[in-house]
Each structure stands twice: as C-alpha cells, then as structure tokens.
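Modelling step: build the complete structure from the supplied sequences, incorporating the hints.
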Amino acid sequence: MAAETVAQGPLQVLPEKVEHLLQTLDPTSIFPSQAYNEHGHLQRILSIGQWTISVNTVYFILTSILVLVLVLVMAKKIKLVPKGRGVNAFEFLVEFVRNNVGGIIKHDRKKYEPFLLTCFVFILISNLIGLIPGAKPGTGIIAGTFALAIVVLVYFNAVGMKAKGAGKYWLGLVPHGVPGWIAPIIWLIEFISMLLRPITLALRLFANMYAGHIILGIFALLTGLFAQATFQGLGLYIAASPAWLILLIGLYLLELVVAFVQAYVFSLLTAVYIDSATAAH
Numbered sequence: 099m100a101a102e103t104v105a106q107g108p109l110q111v112l113p114e115k116v117e118h119l120l121q122t123l124d125p126t127s128i129f130p131s132q133a134y135n136e137h138g139h140l141q142r143i144l145s146i147g148q149w150t151i152s153v154n155t156v157y158f159i160l161t162s163i164l165v166l167v168l169v170l171v172m173a174k175k176i177k178l179v180p181k182g183r184g185v186n187a188f189e190f191l192v193e194f195v196r197n198n199v200g201g202i203i204k205h206d207r208k209k210y211e212p213f214l215l216t217c218f219v220f221i222l223i224s225n226l227i228g229l230i231p232g233a234k235p236g237t238g239i240i241a242g243t244f245a246l247a248i249v250v251l252v253y254f255n256a257v258g259m260k261a262k263g264a265g266k267y268w269l270g271l272v273p274h275g276v277p278g279w280i281a282p283i284i285w286l287i288e289f290i291s292m293l294l295r296p297i298t299l300a301l302r303l304f305a306n307m308y309a310g311h312i313i314l315g316i317f318a319l320l321t322g323l324f325a326q327a328t329f330q331g332l333g334l335y336i337a338a339s340p341a342w343l344i345l346l347i348g349l350y351l352l353e354l355v356v357a358f359v360q361a362y363v364f365s366l367l368t369a370v371y372i373d374s375a376t377a378a379h
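Whatever position you read off the sequence shown (first residue = 1), add 98 for the numbering used here.
In short, the hints are calculated from the structure, not lab data.
Incorrect hints may appear among the rest.
Stated by the list, open to error - Cut-off 30 Å, straight-line C-alpha distance, at most; resulting in silico cross-link-like pairs (DSBU-like, lysine-lysine):
1) K174 <-> K208
2) K266 <-> K174
3) K175 <-> K208
4) K175 <-> K260
5) K174 <-> K262
6) K208 <-> K260
7) K175 <-> K262
8) K208 <-> K262
9) K174 <-> K209
10) K209 <-> K175
11) K260 <-> K209
12) K260 <-> K204
13) K209 <-> K266
Claimed, not checked - Quick list of the computed label-pair ranges, beta carbon to beta carbon:
14) I290 <-> K266: 16 to 26 Å
15) P277 <-> L166: 44 to 54 Å
16) K174 <-> F194: 20 to 30 Å
17) I287 <-> I313: 12 to 22 Å
18) W285 <-> P231: 42 to 52 Å
19) V355 <-> G232: 16 to 26 Å
20) N198 <-> I313: 50 to 60 Å
21) K208 <-> P282: 31 to 41 Å
22) K174 <-> K209: 19 to 29 Å
23) I248 <-> R183: 41 to 51 Å
24) D206 <-> L352: 35 to 45 Å
25) A241 <-> L352: 37 to 47 Å
26) K266 <-> G348: 48 to 58 Å
If you're wondering where the values come from, they're calculated on a predicted model, not measured in any experiment.
Positions of the beta carbon are idealized from the N, C-alpha and C atoms, including for glycine.
Below, the structure written as structure tokens:
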C-alpha cells in the first residue's frame, strides 16, 4: 500500500484520503446505524450496558468535568493579589468576559456574568480539545452547538420573564408605538426572529470549528503524504514536505485564535440577547 501510495504520488492519493477524513469528521454521524465502518468496527458510538452514546457526547461530558474542576480549583486560590500563572490566566479570562462581554448588559449585569463566563470557558475548552488529533468535541457537530444554543434561548427568555413578568415580557416583543391592527403581525415576526437566534448561534460556531478541523486535517494529510514520499527516496518532494509542516503549524496557531474568538462571539451574542430580554423598553 505504501509503495502504491508513493508510486501514484501524494496529490493523486490525496482525494481518497480527504474522503476518508470527511467521513471521520461527519457532523451528522451520531446515530448507531451510521456508527459502523465497512469492516463493522465501532467508530463513533460508545456503548455502556444498554446505553448508547456518541463519542462527541463523551467529549461534552469531559469538557463539563474540566470546567467544573477548573472553577473549583481556582475558587480555592482566590486572593486579593492573584499569584501563579494559572490563576492570573483565569483572572484574565474573568476580567475579559466581565468587561468585554458582560459590559453590554445594562441592567443587573452581575447577575448574568457567571452564565456568560460559563459559556465562554466551556466553548473555549471544547474548541481547544477539537485541536487534539482524533478528538471529537461537541462543538464539532451541529447537534452539540445547537444544544448550547437551546440552553441560551431558554436562559435569556427565563431571565426576561423573571425581570418583567411573563405577560409583560411576551407582550413586549412588540415595540411601543406600533398601531394596534399591525401589532399581531409584528409580534409573530419578532417571535420567529427570536426562535431563529439559536439556529444562527449554532451554525456560526459549528461552521467555523468544523471548517477549521477539515483544513487542519487536509494539511496534516499533505504533510504526512509528502513526508512519506520523501522517506521513500523521491527527492522531488524533499522541499515540499517541511513546507507543508510549516503551514500546518501556522494553521494550528491560527486555529488557537479562532477557538478563542468563537467562544467570545458566542458569549457576546448571548449577552446581547440577555440585554434585549431584560432591558426596559
């Protein structure tokens, strides 16, 4: 197989490898009927007794545990003057979310900062796990990001009803000054618009992370194929192999930034929705 790969050349073998990569990263393959490859091997589902769960769910649970452990550890190290790189890094994240995300909320923002920080840290850790080769993070499938978005939808509606009262909150979807005859139409439009928010939240986060995983996978394949050809003695690929490796490292660094930015954007939009739900008209 190796000899055939080299004989065809890396670029000739690449399409087959990319197809396999896309099957591996398939964001919809979370059901038992889609979980087995052509050899009958279990690849995306874990079975625990009678329970069957996707690997992405396992990583979601792992992320939740990591967030919980992180918060508990940092809570014990809280001091007036933080000491240690880990504590200072976490303090930076808290201040970043408080000033750049929570600051958008004009009314009782301190009530909602813990939720915003949880969203930010959870998504950031999940995104970073996605950069580990072979990992299947929850933010790498549309079902995972949609679940996060549904939590946000329930939360900002709940705090809105708590702040204004259920009746006033839902009637408040119609702006003041709208003529009575058109108010039902405006209310329906606003209600549908609100229901679309989790869809846009989920798609934005998923699309960015999934695209990053595909690009990193392709560049990793190119690096490996050209390195294999080089080791097989094909001097034509000697210069290309380290070049692909340099590009791969550069893309990894870029994806680290993207992981942070996407956690920030998700949390920022969440803050916008909370502000809209709790602000007085």
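- request: Would you mind confirming whether the straight-line C-alpha gap from K175 to K208 stays at or under 30 Å?
  value: Given that 30 Å is the threshold and the Cα spacing comes to 21 Å, the pair holds.
- request: Mind checking the alpha carbons of K209 and K266 for me, to see if they're no more than 30 Å apart?
  value: 21 Å, holds
field: Proposed proximity, K208 with K174 (alpha carbon, max 30 Å)
entry: Holds, at roughly 21 Å.
message: Is 20 to 30 Å respected by the C-beta to C-beta distance linking K174 and F194?
response: For F194 against K174, whose Cβ atoms are near 22 Å apart, the range 20 to 30 Å holds.
field: Range hint 19 to 29 Å (beta carbons of K174 and K209) holds or violated
entry: Taking Cβ atoms as reference, K174 and K209 lie about 24 Å apart, which means the hint holds.
task: Can you let me know if the beta-carbon spacing of I290 and K266 is within 16 to 26 Å?
output: 20 Å, holds
field: Cβ distance range 31 to 41 Å for K208 and P282, holds or violated
entry: 37 Å, holds
- prompt: Do the Cβ positions of V355 and G232 conform to the proposed distance bound of 16 to 26 Å?
  reply: 22 Å, holds
- prompt: Measuring from beta carbon to beta carbon, are D206 and L352 in 35 to 45 Å?
  reply: 37 Å, holds
task: Compare the distance between the alpha carbons of K174 and K262 with 30 Å, and conclude whether the hinted pair is satisfied.
output: 36 Å, violated
query: Taking the CB of W285 and the CB of P231, does the distance hold inside 42 to 52 Å?
result: 49 Å, holds
- prompt: Using the C-beta atoms of P277 and L166, is the stated range 44 to 54 Å upheld?
  reply: 51 Å, holds
Consistency with the previously given hints fails for numbers 2, 4, 5, 7, 17, 20, 23, 25, ordered from lowest to highest.
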